Each structure stands twice: as structure tokens, then as C-alpha cells.
Amino acid sequence: MEQQDQQVTAKLQVPQTTATPAETPAEAEKVFDAKSLSCYYGSFRAVTDVSLSIYQNEITAFIGPSGCGKTTVLRTLNRLNDLIPSARVEGDVHYRGASLYHKDVSPTAVRRRIGMVFQKPNPFPKSIYENVAYGPRINGIRKKSHLDEIVERSLRQAALWDEVKDRLNKSGLGLSGGQAQRLCIARTLAVEPDVVLMDEPCSALDPIATGRIEDLMHEIKSQYTIVIVTHNMQQATRVSDRTAFFSVLRNEKPGGNDTRTGVLVEYGTTQQIFEDPHDSRTQAYVTGRIG
Amino acid sequence: MAIASGQQTVDLREPSGWRRTKNQVATVGMWIAFVVMLIPLGFVIFTVISKGASAISWQFLTAPIPINVLPVTFGGVGPAVYGTLVITGLAALMAIPLGVLGGIYINEYGGNQVLARVINFFADVMTGVPSIIMGLFIFTIWVLHFGYSGFAGALALACLMLPIVIRSTYEMLRVVPDSLREASYALGATKARVTLTVVVPAAIGGIVSGALLAVARAAGETAPLVFTILVTQTLNKNVFSGANTALSTLIFQNATQPYTGAQARAWGSALTLIAIAFILMIVARLVTARFARYDR
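Quick note, the sequences are listed as chains A and B, same order.
Just so we're aligned, residue 1 is where the first sequence starts under my numbering, counting upward by one.
Just so we're aligned, residue 1001 is where the second sequence starts under my numbering, counting upward by one.
Please note that a few of the clues may not be correct.
[What the hints assert, rightly or not] With a Cα cut of at most 20 angstroms, we get these calculated SDA-like pairs of lysine to any residue:
{"#": "1", "chain 1": "A", "residue 1": "LYS126", "chain 2": "B", "residue 2": "LEU1286"}
{"#": "2", "chain 1": "A", "residue 1": "LYS126", "chain 2": "B", "residue 2": "ARG1181"}
{"#": "3", "chain 1": "A", "residue 1": "LYS120", "chain 2": "B", "residue 2": "ASP1178"}
{"#": "4", "chain 1": "A", "residue 1": "LYS126", "chain 2": "B", "residue 2": "VAL1200"}
{"#": "5", "chain 1": "A", "residue 1": "LYS120", "chain 2": "B", "residue 2": "LEU1180"}
{"#": "6", "chain 1": "A", "residue 1": "LYS126", "chain 2": "B", "residue 2": "LEU1196"}
{"#": "7", "chain 1": "A", "residue 1": "LYS126", "chain 2": "B", "residue 2": "LEU1180"}
{"#": "8", "chain 1": "A", "residue 1": "LYS170", "chain 2": "B", "residue 2": "ALA1289"}
{"#": "9", "chain 1": "A", "residue 1": "LYS126", "chain 2": "B", "residue 2": "LYS1191"}
{"#": "10", "chain 1": "B", "residue 1": "LYS1191", "chain 2": "A", "residue 2": "ILE138"}
{"#": "11", "chain 1": "A", "residue 1": "LYS126", "chain 2": "B", "residue 2": "ARG1174"}
{"#": "12", "chain 1": "B", "residue 1": "LYS1191", "chain 2": "A", "residue 2": "ALA87"}
{"#": "13", "chain 1": "A", "residue 1": "LYS120", "chain 2": "B", "residue 2": "ARG1181"}
{"#": "14", "chain 1": "A", "residue 1": "LYS170", "chain 2": "B", "residue 2": "ALA1292"}
{"#": "15", "chain 1": "B", "residue 1": "LYS1191", "chain 2": "A", "residue 2": "SER106"}
{"#": "16", "chain 1": "A", "residue 1": "LYS126", "chain 2": "B", "residue 2": "THR1195"}
{"#": "17", "chain 1": "B", "residue 1": "LYS1191", "chain 2": "A", "residue 2": "ALA109"}
{"#": "18", "chain 1": "A", "residue 1": "LYS170", "chain 2": "B", "residue 2": "PRO1201"}
{"#": "19", "chain 1": "A", "residue 1": "LYS126", "chain 2": "B", "residue 2": "VAL1175"}
{"#": "20", "chain 1": "A", "residue 1": "LYS126", "chain 2": "B", "residue 2": "ARG1290"}
{"#": "21", "chain 1": "A", "residue 1": "LYS120", "chain 2": "B", "residue 2": "GLU1182"}
Honestly, the hints are just simulated from the structure, not real lab data.
Note that the structure is predicted; figures quoted are calculated from it, not measured.
Could you put together the complete structure from these sequences and hints?
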């Protein structure tokens, strides 16, 4: 573990001074620390001034109405929004003490530690085995026996092994929606990431498949830190330890043409957000009166 | 069957009249178009096979070209088969790697850059350039300085194939969903990795069949060769120097001869060319199917 942390520091090229030593237990568990984060697509400000901390071995849920920027924030956490040419970020996100948007940081190195599961299951058009082995392979693992071991372990972790062990050489595209999504989770886990980001992973799945993925999240929580975007508030209450509620802020300033932006309204433990929301907008949303 | 009182039976039949007439007219129209399209195609294949099949033999495909007055039982078109295979092969070696890389550049790396848009535009324009212009182009920049050779012919054919390969590669890469690219990036892959291990493999069947179709088209071209390889009857194994021959130019030359032997050799060559194109099509299909085995 200590060795892994050193690796993080080395590969992310963090200046020694910013790696602050842990002072309180709470500080030590912090994985992400966003400060006044704003995300833009061209001149459109999608999210404004988000500050929140995400803690190790917890499941953090982002909830909120469509267009509030929760997916955008999620994608800034592993720099996947870099792929959109017009996207840019203001403010800062620290990941284990390193600034994610520092100019020396390689997005590739970031994404090797912070994996992502997408809304729509997107297995590669390769065999089930090759789908899971893909990540380890690009990280330089060549030995067949080692790859076999990783594939089996990842598929077991994703609760898919028993269903596919006899057809590892069949196409990953032949699986059902729920199986394909678990394959994508196995593919993400195969590189042993530190954090798993999930962007509405169950929105295309039926309740049974959703239940399996939620059970799976609980099982792997002890080893990973999970951030999940969901439209399903019951899901947030079932799986998450903390919940961030985002909303759309409409600026009524006269003259401005596009003044819609996403804001973080309230962030707290899931119990507090759903049972004792401090903000009236949160209360309206979680009780189902808006959104 | 008893229906509750007051409830009317729903009429689910096709609405009669004008709508049904339109449907019938359109169906008949499409069948006519299909048949009309098949007539010339079938006629060409029938004529070439009936006039050329009797000429085909191993000797015909390999023996030297005799003088025109001799009947088809003497000699063959060996040098032309050799020339077609070598010149087309050389052209493919030049055009396919360049064209595939160009297509990858436009779609994966170029983005909205001026260079990518310029290449894309000129690839479009070049697909429409008549093949004889390509022959003249190579004649001016190569043949006038270095003389006629099979290589000059290969250059002209490569110029014809290049835009087709660029366009087909580009079109195949364009339909690879972004979700696959994102999945690969999210595992920490670099751009080169994403392109080589996910995007190109997902499109490889289409890229290969596009390239083979370009080869098949180039194999039958005549005009660009007339200016570049000259025409000879003897076997020239050195493609880099001296006049050469090919099936297409042999057909062009022999078809105008008064001798039945020469004419028969032209028909035989025509069938050989169609067979080469046919084999390439089948290979393209097999390759596509082979690479598509994980598509479902």
C-alpha cells in the first residue's frame, strides 16, 4: 500500500510540497478534494463552483435533475472530459494530495488509477476474456498465467464468473444488458484501480440486474472508493454513504442569453440528505416534489 | 363471437384506395428496376464466359504471348497475367498502407485541423478524377524522366487506389462508437493504444474489404497503364525498367486485331480479369466475416 502511494506520487509528478501529510483521520481518508471547481464547454458554464471531498472506501452518490452537471463533475475526476475538445476546467481537484489538473499530470496515469463504468454497457467487440485482459495488457502484463488469474479474479469480483466461465472465448457483445455491464465492471476492476467512477451504471438495466450490481458495489466497497451518478433516489439511499445533490441554477439576469448552470446544492451523509435536508431545494427533490 | 352491446368492431384492414395503389406501383417499379439492372450485368458475364471459357487453361495463363496470327491453342497470355499481378500488387503495397494511415489520421488525429480537412477534401476530389488523367500525370512526372516501366504503371494505379482506400478507411472508422474509445481511455490507454487496439480492430473488416475492392478496381484499369508501361508482348520480369504488359492492355490491343486467335486471347484475358476481381471480392467477404466473429 505504501509502495502504491509512492507510485501514485511518482507517476503523477507531484511536487513534494503539495503532498500534505495526514493530520487528522478524516484528512487521511480523503481521496478527492474539489475546490471551487467550474466546468465549461466552450463558453457554456455547465457547472459552477463545486467544492466537495470524497472519502476512501465510501460510496458517494451524485443525484439531481438532468442537466445539473453531475456527470460532468464525475468525468472531470478522471480527466475523461479532456476528450471533448471544447471542455475546460477552472478551480482545482486534488486526488490524494496531487492536483489533477497540474500541467505535469498525465491523464493516462490518472485514468489508470481512476476507472469508469459508463451508462450504457460498452464491451469491446472482442471475446469476454480479451475484454477483461485488455486493461492489464496495456499495463504491460504479458504472461498468460498471470492474465488468466486476473481475468478469473475480476470476473468473480463482478459476480459474472459462474455465468461465463465456459464461454470466455465468446464475444462480449453476446451477453445480456446486465451481464455486459458486469463485464464492464470486471474490465474496470482488472486494472486494480483506486477509484471506480460509475455514470448511471444501472439506468439501462432491469431491477434484478440492478440489484446484482448494487450488491456487487457493497462487496467491493472495502477495496475501492466508488462515486456513482444516479437518477434513482432509491438507489442512492440503498448504496451510498454520502450524497451530493446538484441542481440547475437559472440566473434571471436580463441581457444574458444562456445563464443556466449546474450547482452543488447540498452535500452530506446520505441519511442526512434524505431525512433532514437543510436546503429547501434538496427537500423538494428528495421528497419527489420536483425533478 | 359475442360483443358487448354498444361496442363496435375495429377495422384493422389496410385502408383501401390510393394508398394501396401507391404501394403496388412502388413495388412493381422496384422489381422492374432490379430486372433492368440485372440484364446488362448478366449479359456481360454470359458473353465473357461463353467466348472466353474455351480459351482458359493452365497453358493459357502461363505460356508466352504468340504472334497475333496464331490460333488460341498456341501460347497464352502468361506475361500479361504476370504483369497484372505484379503491377497491381506493387500498387497495393504503396496505396494501402498510405491510404489506411491517411484515413486513421483524418478520423482519429485530425479533428478539425485544416490539414485533415484538406486531405479529406482532396481524397473526395481524387476519387472523381478520370483514370486517364492519373496515367498522364505519372507520364509527365515519372515516365518522361525514367522511361516506361511496370513501376510507373504501379504508381498510376496507386494514385487511383489511394483516395478510395482513404475514404473507405475513414468511413469505417467514423462509425466506430465513441463509447468504445472512452472505455479504452478510462482504463488508462494512450491515444495510440486506443487507436491500435480498439478502434482499428473494430473497423478492420471494413478497412480490409475496402482495400481489396480498390485493388479489384485497379486491376482492371487500362488507361493509366497505356501511358506508363507502354505495351509489349514479351515477359519482362523487371518491373522497374522497360516496357511491360498487363491483361487490361492486352485486351485493349488484341480486341482491335483482325485475327481470331488474338481476339480469343482477348476474351480469355477478360474472363481471367473478371475471375481475379471475383476472387478478391470473395476474399474480402471472408475477411470481413472472419473479423466480424465478435460482433455478435
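Each hint, compared with the structure:
no.: 1; hint: A:LYS126 with B:LEU1286; verdict: 18 angstroms, holds
no.: 2; hint: A:LYS126 with B:ARG1181; verdict: 14 angstroms, holds
no.: 3; hint: A:LYS120 with B:ASP1178; verdict: 12 angstroms, holds
no.: 4; hint: A:LYS126 with B:VAL1200; verdict: 12 angstroms, holds
no.: 5; hint: A:LYS120 with B:LEU1180; verdict: 11 angstroms, holds
no.: 6; hint: A:LYS126 with B:LEU1196; verdict: 14 angstroms, holds
no.: 7; hint: A:LYS126 with B:LEU1180; verdict: 11 angstroms, holds
no.: 8; hint: A:LYS170 with B:ALA1289; verdict: 15 angstroms, holds
no.: 9; hint: A:LYS126 with B:LYS1191; verdict: 19 angstroms, holds
no.: 10; hint: B:LYS1191 with A:ILE138; verdict: 12 angstroms, holds
no.: 11; hint: A:LYS126 with B:ARG1174; verdict: 19 angstroms, holds
no.: 12; hint: B:LYS1191 with A:ALA87; verdict: 18 angstroms, holds
no.: 13; hint: A:LYS120 with B:ARG1181; verdict: 13 angstroms, holds
no.: 14; hint: A:LYS170 with B:ALA1292; verdict: 12 angstroms, holds
no.: 15; hint: B:LYS1191 with A:SER106; verdict: 12 angstroms, holds
no.: 16; hint: A:LYS126 with B:THR1195; verdict: 15 angstroms, holds
no.: 17; hint: B:LYS1191 with A:ALA109; verdict: 13 angstroms, holds
no.: 18; hint: A:LYS170 with B:PRO1201; verdict: 16 angstroms, holds
no.: 19; hint: A:LYS126 with B:VAL1175; verdict: 17 angstroms, holds
no.: 20; hint: A:LYS126 with B:ARG1290; verdict: 12 angstroms, holds
no.: 21; hint: A:LYS120 with B:GLU1182; verdict: 12 angstroms, holds
Going down the numbered hints, you'll see the structure goes against none, and every one checks out.
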